[in-house]
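> In case you want the letters, here they are:
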Amino acid sequence: AQSVTQPDIHITVSEGASLELRCNYSYGATPYLFWYVQSPGQGLQLLLKYFSGDTLVQGIKGFEAEFKRSQSSFNLRKPSVHWSDAAEYFCAVGPSNDYKLSFGAGTTVTVRA
Amino acid sequence: DGGITQSPKYLFRKEGQNVTLSCEQNLNHDAMYWYRQDPGQGLRLIYYSQIVNDFQKGDIAEGYSVSREKKESFPLTVTSAQKNPTAFYLCASSTGGNEQFFGPGTRLTVL
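Line order of the protein sequences matches chains X and R. Just so you know, we're using my numbering here: the first sequence kicks off at 1 and counts up by one. Just so you know, we're using my numbering here: the second sequence kicks off at 1001 and counts up by one.
Treat the hints with caution; some may be incorrect.
[Said to hold, decoys possible] Pair by pair, the computed Cβ-Cβ distance ranges are:
{"id": "1", "chain 1": "X", "residue 1": "Leu46", "chain 2": "R", "residue 2": "Asp1059", "range": "15 to 25 Å"}
{"id": "2", "chain 1": "R", "residue 1": "Ser1007", "chain 2": "X", "residue 2": "Ile60", "range": "47 to 57 Å"}
{"id": "3", "chain 1": "X", "residue 1": "Trp83", "chain 2": "R", "residue 2": "Phe1012", "range": "26 to 36 Å"}
{"id": "4", "chain 1": "X", "residue 1": "Gly16", "chain 2": "R", "residue 2": "Gly1016", "range": "46 to 56 Å"}
{"id": "5", "chain 1": "X", "residue 1": "Gly16", "chain 2": "R", "residue 2": "Ala1081", "range": "47 to 57 Å"}
{"id": "6", "chain 1": "R", "residue 1": "Gln1041", "chain 2": "X", "residue 2": "Asp54", "range": "28 to 38 Å"}
{"id": "7", "chain 1": "X", "residue 1": "Gln45", "chain 2": "R", "residue 2": "Pro1008", "range": "20 to 30 Å"}
{"id": "8", "chain 1": "X", "residue 1": "Ser84", "chain 2": "R", "residue 2": "Glu1069", "range": "14 to 24 Å"}
{"id": "9", "chain 1": "R", "residue 1": "Ile1051", "chain 2": "X", "residue 2": "Ala29", "range": "18 to 28 Å"}
{"id": "10", "chain 1": "X", "residue 1": "Asp54", "chain 2": "R", "residue 2": "Thr1086", "range": "39 to 49 Å"}
{"id": "11", "chain 1": "X", "residue 1": "Gly16", "chain 2": "R", "residue 2": "Ser1007", "range": "34 to 44 Å"}
{"id": "12", "chain 1": "X", "residue 1": "Asp54", "chain 2": "R", "residue 2": "Gly1096", "range": "17 to 27 Å"}
{"id": "13", "chain 1": "R", "residue 1": "Lys1014", "chain 2": "X", "residue 2": "Pro79", "range": "47 to 57 Å"}
[What the hints assert, rightly or not] In the EDC-like style, the derived pairs of lysine to aspartate or glutamate whose C-alpha atoms are separated by at most 16 Å in a straight line are:
{"id": "14", "chain 1": "R", "residue 1": "Lys1071", "chain 2": "R", "residue 2": "Asp1054"}
{"id": "15", "chain 1": "X", "residue 1": "Lys100", "chain 2": "R", "residue 2": "Asp1059"}
{"id": "16", "chain 1": "X", "residue 1": "Lys100", "chain 2": "R", "residue 2": "Glu1099"}
{"id": "17", "chain 1": "X", "residue 1": "Lys49", "chain 2": "R", "residue 2": "Glu1099"}
{"id": "18", "chain 1": "X", "residue 1": "Lys61", "chain 2": "X", "residue 2": "Asp85"}
{"id": "19", "chain 1": "X", "residue 1": "Lys100", "chain 2": "R", "residue 2": "Asp1030"}
Hints are computed from structural coordinates only; laboratory data are not their basis. Just so it is clear, CB atoms sit at the ideal spot from N, CA and C, and this is done for glycine as well.
Please model the entire structure based on the sequences and the hints provided.
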């Protein structure tokens, strides 16, 4: 069975500083991997996805993520955080031949001035 | 604009009542999903449908029911058998195994 772990429940970062959110997955084959962002009381918006190919994936809003098969990780990064990046971030994993995704518990990001 | 709409945004239910949450999409997606979100637990899959007139239980289907009579619509009924229905409910759609697109959500509160 597939599963996702986001080790950090809450991260506080200063505006302009770099951000890295961790995601570890468990899956037997090459998974489809996603990062979503959710503002309070809203739905989820896709930041980026990895299906195959280049292991460094660029997304929207200046985010990128790197797939590391040997570490079963798909960490999300942003070089310089803006106050508008304060939100909850979810990592998700799904098999290539199925419709179901498994989501991590989420990481809440607070941005301080 | 293409997208997913959910209504109502807020819903209040008395104990013992059934309520139905609406989800409509105009993305021409074959698959649709319902998730429940509770603080600190991420998203848990309730039901999903890959095609019209067919749907499968997710991880927490007890106390919920769905129908898929049209490609565009996937309503969720929260029945009185659901013991703790207060939560944020999210509907999503996708084309096959690709990324899922989410609606804005419905917050259900039991009074």
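> Now tell me if each hint is right for this structure.
Hints versus structure:
| no. | hint | result |
| --- | --- | --- |
| 1 | X/Leu46 - R/Asp1059: 15 to 25 Å | 22 Å, holds |
| 2 | R/Ser1007 - X/Ile60: 47 to 57 Å | 27 Å, violated |
| 3 | X/Trp83 - R/Phe1012: 26 to 36 Å | 33 Å, holds |
| 4 | X/Gly16 - R/Gly1016: 46 to 56 Å | 53 Å, holds |
| 5 | X/Gly16 - R/Ala1081: 47 to 57 Å | 51 Å, holds |
| 6 | R/Gln1041 - X/Asp54: 28 to 38 Å | 33 Å, holds |
| 7 | X/Gln45 - R/Pro1008: 20 to 30 Å | 21 Å, holds |
| 8 | X/Ser84 - R/Glu1069: 14 to 24 Å | 40 Å, violated |
| 9 | R/Ile1051 - X/Ala29: 18 to 28 Å | 25 Å, holds |
| 10 | X/Asp54 - R/Thr1086: 39 to 49 Å | 43 Å, holds |
| 11 | X/Gly16 - R/Ser1007: 34 to 44 Å | 40 Å, holds |
| 12 | X/Asp54 - R/Gly1096: 17 to 27 Å | 22 Å, holds |
| 13 | R/Lys1014 - X/Pro79: 47 to 57 Å | 50 Å, holds |
| 14 | R/Lys1071 - R/Asp1054 | 11 Å, holds |
| 15 | X/Lys100 - R/Asp1059 | 10 Å, holds |
| 16 | X/Lys100 - R/Glu1099 | 10 Å, holds |
| 17 | X/Lys49 - R/Glu1099 | 8 Å, holds |
| 18 | X/Lys61 - X/Asp85 | 9 Å, holds |
| 19 | X/Lys100 - R/Asp1030 | 14 Å, holds |
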